[in-house]
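Visitor: Take these sequences, add in the hints, and give me the full structure.
There are 2 protein chains.
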Amino acid sequence: MTKPTIKDVAKIANVSISTVSRVMNAPESVIESKRSKVLDAIEKLKYKPNALARGLIYKKTNTLAVVIPDIRNPYYADIIRGMEDASKKLGYNLIICNTDRDKKRLFSYLNNFYERQVDGILYTSDPVFPDYYNEIKRLRIPVMLVSTHSMEYELPSVKIDDEQAAFDAVKFLIDSGHRKIGMIGFDLSDSIAGQTRYHGFIRALRENDLDECKENIVYVNGWSYETPDAAAQMLAKCPDVTAIFTASDELAIGLLCYLDERGISVPDQISVIGFDNIRLSRITIPKLTTVSQPTYEIGYRSVEKLDAIIEEKEDPVLREYLPHEIVVRASTRRL
Amino acid sequence: MTKPTIKDVAKIANVSISTVSRVMNAPESVIESKRSKVLDAIEKLKYKPNALARGLIYKKTNTLAVVIPDIRNPYYADIIRGMEDASKKLGYNLIICNTDRDKKRLFSYLNNFYERQVDGILYTSDPVFPDYYNEIKRLRIPVMLVSTHSMEYELPSVKIDDEQAAFDAVKFLIDSGHRKIGMIGFDLSDSIAGQTRYHGFIRALRENDLDECKENIVYVNGWSYETPDAAAQMLAKCPDVTAIFTASDELAIGLLCYLDERGISVPDQISVIGFDNIRLSRITIPKLTTVSQPTYEIGYRSVEKLDAIIEEKEDPVLREYLPHEIVVRASTRRL
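Protein sequence lines, in the order shown, are assigned to chains A and B. Going left to right, the first sequence walks through residues 1 to 335 as full-length UniProt numbering numbers them. Going left to right, the second sequence walks through residues 1 to 335 as full-length UniProt numbering numbers them.
Simulated from the structure, these hints should not be mistaken for laboratory data. Don't take each hint at face value.
Any copy will do: because identical chains look the same in the list, a pair fits if it lies in one copy or spans two.
In silico BS3-like cross-links for lysine-lysine, where the CA-CA straight-line distance does not exceed 30 Å [what the hints assert, rightly or not]:
(1) Lys34 - Lys104
(2) Lys137 - Lys60
(3) Lys60 - Lys37
(4) Lys60 - Lys46
(5) Lys34 - Lys89
(6) Lys287 - Lys237
(7) Lys60 - Lys34
(8) Lys37 - Lys88
(9) Lys313 - Lys46
(10) Lys3 - Lys313
(11) Lys104 - Lys313
(12) Lys137 - Lys88
(13) Lys137 - Lys89
(14) Lys60 - Lys103
(15) Lys180 - Lys237
(16) Lys60 - Lys104
(17) Lys89 - Lys103
(18) Lys11 - Lys46
(19) Lys60 - Lys313
(20) Lys7 - Lys37
Guide: Okay, here's the thing in structure tokens:
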């Protein structure tokens with residue numbers, strides 16, 4: 001079969017060649033029904049303009065769009081800073097959109113990006129569900145996954161190794177002499193930060209003959225630190241824990257507040273280790289021991305990788321992992 | 001003089017009528033040099049298409065752009081939430097841009113908004129300098145000032161009364177029996193949050209015969225809570241203060257951390273009152289007494305007002321002030 005041309009696309013979609021060109025060049029000028037027909041035809045034929053033609057057809061707008069699930073989560077602040085510095089260096093403007101994990105909103109933004117011809121999308125944190133993937137593919141906008149990845153789809157990504165990071169956090173507690181350890185984690189329906197960190201916790205227990213701790217888990221839905229409920233449940237369930245690993249610094253900060261109110265001293269009675277190393281973790285009382293994610297670098301690197309795709313440069317690593325580390329501050333102690 | 005028409009604009013700019021129309025309708029399709037000539041002509045003639053023609057010429061994109069100076073500042077999180085809920089209700093997409101207080105970046109974004117034909121701009125927190133105003137006016141995009149305002153220009157705004165809010169915070173300390181009061185404030189070059197809150201502090205002292213405290217001020221540049229320096233300076237300068245008013249919760253949180261490290265008990269030895277009521281102030285140790293800004297409502301109302309301008313609806317109040325309140329938690333005490 002010969003390579004499909006713009007003519008073939010026009011024929012299948014039953015529109016003129018110039019309409020196909022406009023769909024690729026100025027999609028907002030084509031009515032939705034025609035646009036859909038053209039996109040479907042492109043998809044069906046696997047039509048791909050060659051690099052030169054592509055450069056002529058697609059106009060670069062030097063704009064990247066960031067999709068974040070919850071702007072209130074301070075975790076994103078440093079990621080965005082890294083993205084911005086890289087964007088500045090590479091000549092892009094960055095527009096940020098908050099989806100609130102609302103699918104309708106996400107799709108509305110994707111369409112908006114398409115109409116505005118952003119050069120690429122930085123999709124952060126959330127899992128990529130099949131309908132998201134299909135929509136992204138249909139719109140033919142380059143996508144970079146940031147602090148998330150996909151094993152099902154061939155999408156490029158930048159993140160840390162969450163399972164190993166959680167393992168290291170729990171191993172740090174064990175090496176400090178703790179034998180009664182609990183975890184406040186994210187629901188296992190969250191494949192990115194829920195399942196992975198749970199598996200790291202379990203593996204650290206297993207490799208150190210602490211299987212009796214594996215029920216010491218409280219799950220929370222979402223990322224809010226306004227859930228002292230989780231802390232209360234933890235202590236009701238396992239009143240004798242000497243150390244708690246939380247799957248985020250926000251959860252750790254909520255836990256510190258809860259323990260302080262009940263007169264339970266950290267780290268004298270209970271050690272607490274968080275996850276993320278958000279800016280705030282340096283000024284909690286006591287200062288938080290945590291797993292440091294290289295958030296700034298994740299943001300920076302994700303823009304570099306996305307730029308490589310847009311500019312059709314070489315980028316050998318599809319799923320890239322950046323190193324984490326344990327930052328020891330005052331909320332943990334040796335037993 | 002008769003009302004200028006699109007023909008007059010074309011004549012002055014020395015371009016065709018269709019070029020003028022394209023500048024208003026699809027500016028990205030017109031080269032920069034021509035575009036500038038048209039914009040200058042529009043400006044010079046004070047050309048304003050009538051409402052009907054405007055509807056025909058300008059295509060509504062249902063997109064609003066938010067300009068924020070520092071995405072790491074948690075103050076913006078709730079403002080953006082309010083903006084988003086109002087945008088959702090009124091059918092807009094919201095794109096967020098972080099300028100890092102970099103003028104070049106701001107101008108680049110403004111131009112980007114113009115090319116992408118956003119329906120309006122939500123400009124937050126920073127003062128409006130003359131060159132910003134001229135650029136905004138030249139691009140003819142409706143602008144709403146959020147948590148900032150302008151006395152020089154006729155621009156609509158939504159914020160609290162900062163002077164009165166600072167006054168109320170300091171008055172609260174005085175009414176609680178404090179006579180030795182300090183302030184950690186923003187540099188007076190900041191006309192929005194610096195000067196206003198300083199004036200509120202001074203007025204409260206003056207009305208209560210505490211003029212001797214008016215030198216007890218340490219100024220910081222920027223909003224970071226990573227400046228324990230300010231706290232150290234405060235105590236070096238006025239070791240006998242019994243209460244400190246900070247111009248933001250971030251500053252208060254940094255102060256709490258500094259005092260805790262030095263073994264100075266809050267509120268037993270020093271009372272601390274913040275400003276903003278960010279989400280985090282509910283889980284500091286001790287929980288923070290603060291001035292509550294209606295951040296969510298400020299965001300929500302600003303989108304409603306901007307929509308009124310875009311849709312040419314009635315909105316009688318140019319500079320709108322929303323009510324603040326003192327939220328008493330555990331970081332202050334009666335002497």
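Visitor: Is it within, between, both, or neither for Lys37 and Lys88, if the alpha carbons may be no more than 30 Å apart?
Guide: Between copies, since 28 Å is at most 30 Å while 37 Å is not.
Visitor: At most 30 Å between CA atoms: does that hold for Lys60 and Lys37 within a copy, between copies, both, or neither?
Guide: both (24 Å within a copy, 24 Å between copies)
Visitor: Reference check for the pair Lys180 and Lys237, CA-CA at most 30 Å: within, between, both, or neither?
Guide: Within. Shortest intra-copy distance 12 Å satisfies the 30 Å Cα cut-off; inter-copy 47 Å does not.
Visitor: At most 30 Å between C-alpha atoms: does Lys34 with Lys104 qualify within a copy, between copies, both, or neither?
Guide: For Lys34 and Lys104, the Cα distance is within 30 Å only inside one copy (22 Å; across copies 39 Å).
Visitor: At 30 Å max between alpha carbons, let me know whether Lys60 reaches Lys103 within a copy, between copies, both or neither.
Guide: The answer is both: 27 Å in one copy and 24 Å across copies each meet 30 Å.
Visitor: Taking 30 Å as the upper bound on the Cα-Cα distance, should Lys3 and Lys313 be classified as within, between, both, or neither?
Guide: within (23 Å within a copy, 54 Å between copies)
Visitor: Within a copy, between copies, both or neither: which one fits Lys7 and Lys37 at a CA-CA cutoff of 30 Å?
Guide: within (14 Å within a copy, 39 Å between copies)
Visitor: Cα distance capped at 30 Å. Does Lys60 pair with Lys34 within a copy, between copies, both, or neither?
Guide: both (23 Å within a copy, 20 Å between copies)
Visitor: Up to 30 Å between alpha-carbons, please classify Lys60 paired with Lys104: within, between, both or neither.
Guide: Both ways: Lys60 and Lys104 sit 27 Å apart in one copy and 20 Å across, limit 30 Å.
Visitor: At most 30 Å between alpha carbons: which applies to Lys11 and Lys46, within, between, both or neither?
Guide: Answer is within: at 14 Å inside a copy they meet the 30 Å cutoff, but 48 Å across does not.
Visitor: For Lys60 vs Lys313, is the C-alpha pair at or below 30 Å within one copy, between two copies, both, or neither?
Guide: Within. Shortest intra-copy distance 15 Å satisfies the 30 Å Cα cut-off; inter-copy 37 Å does not.
Visitor: Pop the pair Lys313 and Lys46 into one bin, within, between, both or neither, using alpha-carbon distances up to 30 Å.
Guide: Close inside one copy (21 Å), not across copies (48 Å); limit 30 Å.
Hint compliance for this structure: no hint is broken.
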